[in-house]
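There are 2 protein chains.
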Amino acid sequence: MSINQATVKYADLPTALDVVSAAGVQSIGLWREPVAEVGLQQAAALVADSGLRVSSLCRGGFFTAVEGPERRASIDENRRAIHETATLAAAGADGSAAVLVLVAGGLPAGSTDLRGARERMRDAIAELEPEARASGVTLALEPLHPMYAADRAVLSTLGQALDIADQFPVESVGVVVDTFHIWWDPQVLEQIARAGASGRIASYQVCDWVTPLPQDVLLARGMMGDGHIDFAALTRAVNDAGYRGDVEVEIFNQAIWDADPASVVARTVRAFADHVPLGDVPLGDVPLGDVAL
Amino acid sequence: MSINQATVKYADLPTALDVVSAAGVQSIGLWREPVAEVGLQQAAALVADSGLRVSSLCRGGFFTAVEGPERRASIDENRRAIHETATLAAAGADGSAAVLVLVAGGLPAGSTDLRGARERMRDAIAELEPEARASGVTLALEPLHPMYAADRAVLSTLGQALDIADQFPVESVGVVVDTFHIWWDPQVLEQIARAGASGRIASYQVCDWVTPLPQDVLLARGMMGDGHIDFAALTRAVNDAGYRGDVEVEIFNQAIWDADPASVVARTVRAFADHVPLGDVPLGDVPLGDVAL
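From first to last, the protein sequence lines stand for chains E and A. With the working numbering as the guide, the letters of the first sequence map in order to residues -16 to 276. With the working numbering as the guide, the letters of the second sequence map in order to residues -16 to 276.
It is possible that part of the hints are untrue.
Any copy, or any two copies together, can satisfy a pair, since identical chains are not distinguished.
What the hints assert, rightly or not - Pairs of lysine to any residue residues, derived as SDA-like cross-links and limited to a Cα-Cα distance of at most 25 Å, are as follows:
1) Lys(-8) to Phe235
2) Lys(-8) to Pro195
3) Lys(-8) to Leu196
4) Lys(-8) to Val171
5) Lys(-8) to Ser118
Hints listed in this document are in silico derivations from the structure and should not be mistaken for laboratory results. Just so it is clear, the structure is predicted and the values come from calculations on it, not from any experiment.
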């Protein structure tokens, strides 16, 4: 299990590392902004001191713009993100993953050319892949729920992500399996199996789909057990597909963000144990002290 | 072109028929509730007097409940809807379509068993299909956008709808192609072609995807041209797939509902002409008086 830093969004990096570590969780997913606040070298030193694994860095991407200065700036930003990913993973404990999560970006303003935006996303990955490979970083393509297709991510299904990933070496391009984004997909189980068979699962993230959706649908990610997702079926599929990396809990939710970070982590550990079975052993059946696998 | 009655939701049936007819539009998609307000026989008489075609009746479905009184009530309700569809289509002008739009329904309260809900949806269609066939009615399975999968419709993609429809006779089970629900799908063009090749397109509905989403995401359906959908590409695909029926404009939008029905219809006719090309002739190039095809 890993706590994605976004789950305790208002905590700075030292606080996030402290509360995760203090809860007995052994891994953390980092975000670029709080890393930038302290600076990359200082962040790496803090991570090394924490003894935690790094399970991913969020996030790069947003590269659907047409050719021009905006697109060049985006590509350059992603190069920096690749470098940060390699640095932070190297600072983390053994078992850290040099995984950079990529969110595609939406349609350019005023455009309805979804196919063109998707082609430019693919082209950006092609441009960045050699640098990722040279840095030992895996670019993790994250399909986002189709409700974000217009304004956030033109990458909408696991199958679509795999169609792109399969064009590149397996060590440098993978996919994110995130329950919130893909639980509804009639093809989800076969696509998870496909992702596992080709070694493409770079990250497995969990959180629940809660209804009604909040006014800002970006904040709809809820605590496991509060919503409609069958974590047993999806986690079994990811496990059966051969994935053995950290399982990241990533929650965007105003009420959770407003709570004390340590209590959020404690609640997250408990919800994870109750709802996310790993292997044949439902974590709900093991003592909480053993949860941080 | 057809105006779906939901676009002028607050108009009663006589008013809706009047404003659609007065705008020179020759077809209307009806809803069960305003029909029930005047009674089925009176509604049929009004439709006959209007001279309009009926392009569909919205809607049946909501049959994901487990076996028991709730499920039986839902099946019975759908039988009544089949009868209403046949009656209203018979009252409409030549070219009317006896098409009943079906929305699957969401997960039962507290359930995370999406697969089970989907199986029960399929079983309900199997139960209703003989009655639809005997009545000359086509059950039109409408995949809804995946953001509704938990609480409104476990039928989420056109491919999934076709996988079910293909299990039944083509004259009694088809699918709805609705731009709002499927525009994001990476497989949309091939699935539209598949639907056309098997003669399964029972209805084509258009409206736009507008961002940001409103607080009630059921009211996110916007006027063509106000959002992110490429109507040219989708309409061309539907046309190339061989569909020659009415194109229904169905908009759920508080601002549009609050406007005067006649002005909404006029605005809809104009937006349709500007954004929805039929065949090789963009409607924007033909006089508005010829729009009501």
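A quick look at each hint next to the structure:
1. Lys(-8) to Phe235: Answer is within; shortest intra-copy Cα gap is 8 Å, inter-copy 35 Å.
2. Lys(-8) to Pro195: both (22 Å within a copy, 23 Å between copies)
3. Lys(-8) to Leu196: Both: 20 Å inside a chain and 24 Å across chains, each within 25 Å.
4. Lys(-8) to Val171: For Lys(-8) and Val171, the Cα distance exceeds 25 Å both inside one copy (29 Å) and across copies (36 Å).
5. Lys(-8) to Ser118: Answer is neither; intra-copy 28 Å and inter-copy 58 Å both fail.
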